[in-house]
Amino acid sequence: MAGIKVDGERCKGCELCVAFCPRSLISMSKQFNSRGYRYAELTDPERCTGCAICGRGCPDVAIEVYR
Amino acid sequence: MAGIKVDGERCKGCELCVAFCPRSLISMSKQFNSRGYRYAELTDPERCTGCAICGRGCPDVAIEVYR
Amino acid sequence: MLEEIIIAGFGGQGIMVMGRLLAHAGMVEGRNVSWIPSYGPEMRGGTANCCVVISSDPIGSPVVAEPDTVIAMNRPSLEKFAPSIKPSGLLIYNSSLIDIVPERQDITVIAVRASGIASELGDIRAANMVALGAYLRARGVVSREAVVDSIRAVMPKLSQSLIDLNVKALDKGMDIAGDQLMISESIS
Amino acid sequence: MLEEIIIAGFGGQGIMVMGRLLAHAGMVEGRNVSWIPSYGPEMRGGTANCCVVISSDPIGSPVVAEPDTVIAMNRPSLEKFAPSIKPSGLLIYNSSLIDIVPERQDITVIAVRASGIASELGDIRAANMVALGAYLRARGVVSREAVVDSIRAVMPKLSQSLIDLNVKALDKGMDIAGDQLMISESIS
Amino acid sequence: MSERLLMKGNEAVGEAAIRAGCRLFFGYPITPQNEIPEYMSRRLPEVGGVFLQAESEIAAINMVYGAAGAGARVMTSSSSPGISLKMEGISYIAGAELPCVIVNMVRGGPGLGGIQPAQSDYFQATKGGGHGDYRMLVLAPASVQEMADCTADAFELADKYRNPVMVLGDGALGQMMEPVTFSKPPVSVSELPPKPWATTGARGRAPNIVNSLHLENEELEKLNLRLEAKYRRMKSEDVRAEVIDCDDADVILVAYGTMSRVCRSAANMARSAGLRVGIVRPITLFPFPSEILSELAKKGVPFLVVELSLGQMVEDVKLAVNGASPVQFYGRTGGFLPTPKEILARMESVLKDRSQAPCGAVPER
Amino acid sequence: MSERLLMKGNEAVGEAAIRAGCRLFFGYPITPQNEIPEYMSRRLPEVGGVFLQAESEIAAINMVYGAAGAGARVMTSSSSPGISLKMEGISYIAGAELPCVIVNMVRGGPGLGGIQPAQSDYFQATKGGGHGDYRMLVLAPASVQEMADCTADAFELADKYRNPVMVLGDGALGQMMEPVTFSKPPVSVSELPPKPWATTGARGRAPNIVNSLHLENEELEKLNLRLEAKYRRMKSEDVRAEVIDCDDADVILVAYGTMSRVCRSAANMARSAGLRVGIVRPITLFPFPSEILSELAKKGVPFLVVELSLGQMVEDVKLAVNGASPVQFYGRTGGFLPTPKEILARMESVLKDRSQAPCGAVPER
Amino acid sequence: MTRVFGRPAALADVPTHYCPGCTHGIIHRLVAEAIDEAGVLDRAVGVAPVGCSVLAYNYFNCDMQQAAHGRAPAVATGIKRARPECVVFSYQGDGDLASIGTAEIIHAAARGERITVIFVNNAIYGMTGGQMAPTTLVGQKTTTSPRGRDAALAGYPVRMAELLAALESPAYIARVSVHNPANINRAKRAIQKAFEVQIKDQGFGFVEVLSSCPTNWGLAPIEALKWVEEHMIPYYPLGEFKTVEGAG
Amino acid sequence: MTRVFGRPAALADVPTHYCPGCTHGIIHRLVAEAIDEAGVLDRAVGVAPVGCSVLAYNYFNCDMQQAAHGRAPAVATGIKRARPECVVFSYQGDGDLASIGTAEIIHAAARGERITVIFVNNAIYGMTGGQMAPTTLVGQKTTTSPRGRDAALAGYPVRMAELLAALESPAYIARVSVHNPANINRAKRAIQKAFEVQIKDQGFGFVEVLSSCPTNWGLAPIEALKWVEEHMIPYYPLGEFKTVEGAG
Ligand SMILES: Cc1ncc(C[n+]2csc(CCOP(=O)(O)OP(=O)(O)O)c2C)c(N)n1
Ligand SMILES: Cc1ncc(C[n+]2csc(CCOP(=O)(O)OP(=O)(O)O)c2C)c(N)n1
Ligand code: SF4
Ligand code: SF4
Ligand code: SF4
Ligand code: SF4
Ligand code: SF4
Ligand code: SF4
Ligand SMILES: [Mg+2]
Ligand SMILES: [Mg+2]
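Chains as they are written, first to last, in my numbering: chain A, 2 to 68; chain B, 2 to 68; chain C, -12 to 175; chain D, -12 to 175; chain E, 61 to 425; chain F, 61 to 425; chain G, 5 to 252; chain H, 5 to 252.
Hints in this document: simulated from the structure, not taken from any laboratory.
Worth double-checking, as some hints may not be accurate.
Unchecked claim - Some chain G residues flagged as far from chain E (calculated, every beta-carbon gap over 12 Å):
1) Val8
2) Glu37
3) Leu157
4) Ala169
5) Glu172
6) Ala224
7) His235
8) Leu242
Stated by the list, open to error - Within a straight-line C-alpha distance of at most 30 Å, the following computed DSBU-like cross-link-like pairs (lysine-lysine) qualify:
9) Lys230(G) x Lys31(A)
10) Lys144(D) x Lys244(F)
11) Lys358(E) x Lys412(E)
12) Lys359(F) x Lys358(E)
13) Lys359(E) x Lys358(F)
Think of the CB as a built atom: it goes at the ideal place given N, C-alpha and C, for glycine as much as any other residue.
Same shape as in the complex, but just chain A (with noise of 0.2 Å):
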């Protein structure tokens, strides 16, 4: 089993690491942090892998991957 955390108040609602998902896992909140962005999260964490793709693809260090 593996999965992601993002950092809902780090993360600027980039969007780089839904681009660079392999499994294309990942997609923007509806709500806003308090920096006023949309952030990061995994839609299907059954399907993660772990791979830390959009970990190391994320600017702002706002994922860290467990598996």
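Start from chain A and add chains B, C, D, E, F, G and H with the ligands according to the hints.
For chains B, C, D, E, F, G and H with the ligands alone, kept in the frame of chain A given last:
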């Protein structure tokens, strides 16, 4: 007939022309000029070809060449 | 006559344009005006603000420390600037993005659903014009006409349809402020 | 006691060393001394000069405008500095290279065939020591011993044989000056 | 265009320069003056001019040297750290007696400092931050309109004196918008007086040399004395200052640029409160309006100098006043503008000190 | 070695620096200070130090910044145009509060100027030629012995204040030889007090940051006020001046460095001629010995300030005297040193002016 | 589940001021990982430039100095010469390194200075609001090339990696990009090597990283990465331009 | 007999301050001849550097500007942009151009500035008395490398022609020498070409000339020329490194 004219006051006695003349026709004066240098003199005017190699090698443009 | 205004919000909310429209309108009406942005390292999504002064006398500092009016387009701006408003001053805030209710009792407060209304009008970017309309109605320092006339000067590349949208947003803002002011008057 | 000296000549004539020897000798003898070169763009064969001050009091300007003594090693130096010598001052000049006779009557003039004598001693570069010797004899501001002692400090790389040559040149200069001073005394 | 335009101070500088016949601009980005190069990059090509972004402030000032030496009206602009880098170049320009305009939109220092308005480059601008005895003529505008006017004047004065002229603004003046009117018709570049000394190609005349090297003492002293005479001429012909309500004043504020605007508000507040406050606003910082101040000082009226620095112009005020009346200082740094209230409070304490201190004594700052 | 050595001023600086624990030197050639880098290039490797010829004066001062930030005793030297290029870097060093020693062997300016001695960088050295409110502590030696002593002191003062210290010499002081004695034992580098703020690798502690950027007004103002407090402390603890024969003086000469030596000769000449002349020789140019001067001025004795410039220190003298007595100025430029006779003639005219002018009036320079 | 990816120790746990999607953030992380993995955090000293990364002194968990615009290589030289035991790196933008700081980077490289230089090339002056840089592509519009960079007026963009590779002294010179995950990994490797040549005392290490500036390019972050790939890489080829025996 | 060789018109008839045998003098003459032969004396503007050739403003019979140390390319840029009709050249030493002026020369070249640069490389700072230059050879003793240049400390000498040739923009880049008559002729040709590319508006022209400094090398003039041949040329190969279609 060819020849060179050395401006003895301009000459700084560097002896480059002495080394460059393909016929070794130039030597240095016994006298000093007013700035304290010995100056170049054409020793054997008859043999000068006017090739101007001496002139082109003189850093002080102290040599004029005639042909 | 001296009116000192701070307008603040996220970058990208059209904060600077609001201020420039106001200043330009003031100029058109023959006032002394100044506008100055907060400036700093480039950063999208950061907060931005500008100060506008409209005055019948020569203007001293263009930087406003104790504004007559604050227009706050997001929460951090409200938190930062509302406390500095002069007693009896005016606060206009974008209640679409701000979920707290300002506490000060010594000022006039107008809540405008600026982002919401702008979205409803078809372009969230017109939220600034909604808030500006509210300000015009509440303060009357410059006329609606002067602001409308200034749109072209300040945003020369705007298409006619966007101009129309902006004017519509402006008017909507004026209406809302009118309603609220009536309510608050009837309450007080 | 205050002695201000200008030493001048072509670059390469050992002008600076003469000055430093004098200054060092003065220091050895417990005087206040200063030495300063003329400095400028690098140029071989140009003229060079230095000023030496030897004094019992603290030294003011190290740059000498009106010298007590001028040692001129070539003609341009003589022409440049002889006029500035104080009345009753001293001029020593290298008569091997200078073919004019100095005109001033109010100073002591010593002609030294410095280059010639040095050549005869085996190294034209010792001309400076000949002139320096003449100065020592004429002025007596510092002792011959102090100068000889200073040679090693000023020119640490000199071989013993060159030191010997330099001392010989120095003595030769002293002799010549002695002769000339006797003549001029007998004349006057 | 003599209509009123709402412009940033930086843009007004650019437009005014072009209208003054400036066709070359060499600059390098730095906040808070970026709108100047940006404006020039848009506008200069439209009038056949050249905008060039240099590789550095140093390159820029040396390009200015070259272009000025070639006879062109030329400008560069920067802000504090960038101006520091130009010091050698400015000294060369002054030494070679070349006319040019240099704009400094001062920000807080020292070092990288901050980007908010400051007036802490006064010494650098007026005393010569570069080496050697040289001076720039320094103009200190206080509004966007004056940013335009001073820039235009700067080109005239630079040519008049063959000397670099600095327009000393600050972050606020550069960034703020105010109405501005360009009332004078644009200068026709081709009708500007010729510069026979410029390096334009030695056709039919002896070569011209642009140079500041003088290896002979006599020559270099001659240059220095010529420069001094020029600076004296500036002092006699081109001192500018605004003197407001000083006749009956109990205290006189001295301030320039942005700071003078706040002083004006403070003076108005004070007058309404019955306090008679005058203002002297130097417009030329070099030549400094010393005579105006020394004249006013004769009455013994105390001065309060207010600056966005820890006290620089105050020295010139003290030099002018020369002990004839008390001079106090108030300054803020870091980008803070003092408020009128702060100044008012300071004025009151000046007056209190005054009533206690013996006549002529100068309280320490 | 406490024997007397005959050394050039430049060499004395080098030797003194090494004995003060300086193990890093970054410089760039320029006349008349070349003997400093040359000396360092010979000597530093012998003591395990590093001599690096930088690609420019700018690189050199920024290498100094880096090394000073890393906690080393470090020095650079140059002459006027090269010092101008360091202005941004010096402002950074002051802003980041780093200790270092900067030597300026002043030559004639402006521009490329000449290579003969001058004192025309006084303003630049003392008022901050770079941007922002900062000051260097400036030491002005007047002999080769003092070149050595001031250099040694400079390192101590730099560390004491975490501030750049300038040794302000001139071409004559650099080029001349005089006897010099190094009487104090050399500093042991390993025994110097630690600098806990330096960037030496964050082992077992929080990271250290060397920085002068403060984007928040509050922070930048805090820095500026801290700096001002430091400068005030310099004024109270480290003012140095030599006061000679001023008690009974009819006129007081004020001069520093090379110029003060000539003034001494002039004063001696004057005393022999029955004229009572005193001398004040500032050794620290910043902090300036203002109190000494203002104290002396109370007697109304006239001052004659003599500089190798068109008049720079004279402003600090006037500020100190504050109108209490007349201040006149005499200066030469281009590399000329005034002779004692010239100064004497000027003194006489000061005294004549004095006897005619009303008490306290200050003749124009 | 164990954490397999997260913040490196060398990267301070604070939010950055960078714009959303700005790849400065990625490059910071790669540098921090390289420091962690080399085990030199407690002897690393970084030099922050003037540019968007000026605040880098707040973002790395090691000693840091902030350098004047363009002078980071000189500052790094000063640090390294004073503390040869430290691992010294500078982090610089293209305005900083390729424009005002040209002399300093060339001579640090020419001296073979034992420092590591991370050069973030985003073809623009980010911090000051999008002016033309020496690296701005021909035709690219910026606030000071409003009609697009004109080669006749401003010349062709400067390729710093190739330029430095023309010198004799440098030990390692490479150009990488961070526009997609595969390239991010390659960039990491190059940064590691540039540290290794320093740590092994082999010489000067330099990595040019092609980076995006969505804000000043006026593109969405992901569009900006496409622009790196489609416009920058063709002019700025990726690869190692110089390497020493045994590097990496 | 007619005069077949003498002083070119562009060279002022005054004695120079150069040391005996210093090849600055030869290079001056070649530049003057190139100006004469191109017929541009009355629109030529030269820029003198800081260095032994600082007084070049007295030696050329055209308008001249004296530039701050290293900044001649920037000054030349200012002149050329103000007066595009002028033929603008700078004349610079290796301390001037390859050390302090690195940024200015690289960016003038990168902009493809229409100027001609004559770069006199004598591997030393002549004017200031023989300090190490970036071009000083490894092992060469100078007053600031008294034990000989140490590559471990100061890196390897910089080859400016090759470095500039790594840029896209320049039109003509060559290295020549004046250590003997044949090479003097070749140097002349290169200098002519460097002017021609400017006159034809083709771009930036640059000629590096290996030159001697007998005084600071401590060699007799003719020995110094041998040193150029034997020590400099092996490290600084002669040739054209860049040229445009139709140059010369
Ligand atoms: C001497 C100096 N000149 C100019 C500036 C203004 N400045 C700040 S950042 C910057 C350029 C930044 O561009 P770059 O190096 O490409 O970094 P980026 O912001 O793109 O990451 C400039 C010119 C300055 N601070 N100091
Ligand atoms: C800013 C500045 N730094 C240093 C100097 C001193 N300086 C004069 S000439 C020179 C170097 C000359 O060397 P180079 O350029 O190689 O020319 P050369 O004399 O060898 O022909 C230097 C460093 C100066 N005048 N200005
Ligand atoms: S770890 Fe891999 S699979 Fe999981 S969300 Fe991230 S990129 Fe997608
Ligand atoms: S990449 Fe990072 S900052 Fe961007 S959206 Fe994803 S989590 Fe947020
Ligand atoms: S012209 Fe030729 S042959 Fe005649 S002297 Fe000169 S080099 Fe010799
Ligand atoms: S080359 Fe010229 S200067 Fe040298 S000796 Fe011959 S004529 Fe004289
Ligand atoms: S301006 Fe550009 S480089 Fe700077 S933080 Fe924003 S996106 Fe990044
Ligand atoms: S010092 Fe060297 S380069 Fe300078 S003139 Fe003399 S020989 Fe030529
Ligand atoms: Mg960039
Ligand atoms: Mg050289």
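Going through the hints against the structure:
no. : hint                  : in the structure
1   : Val8                  : holds (39 Å)
2   : Glu37                 : holds (28 Å)
3   : Leu157                : violated (8 Å)
4   : Ala169                : holds (20 Å)
5   : Glu172                : holds (24 Å)
6   : Ala224                : holds (24 Å)
7   : His235                : holds (20 Å)
8   : Leu242                : holds (25 Å)
9   : Lys230(G) x Lys31(A)  : holds (26 Å)
10  : Lys144(D) x Lys244(F) : holds (29 Å)
11  : Lys358(E) x Lys412(E) : holds (20 Å)
12  : Lys359(F) x Lys358(E) : holds (22 Å)
13  : Lys359(E) x Lys358(F) : holds (22 Å)
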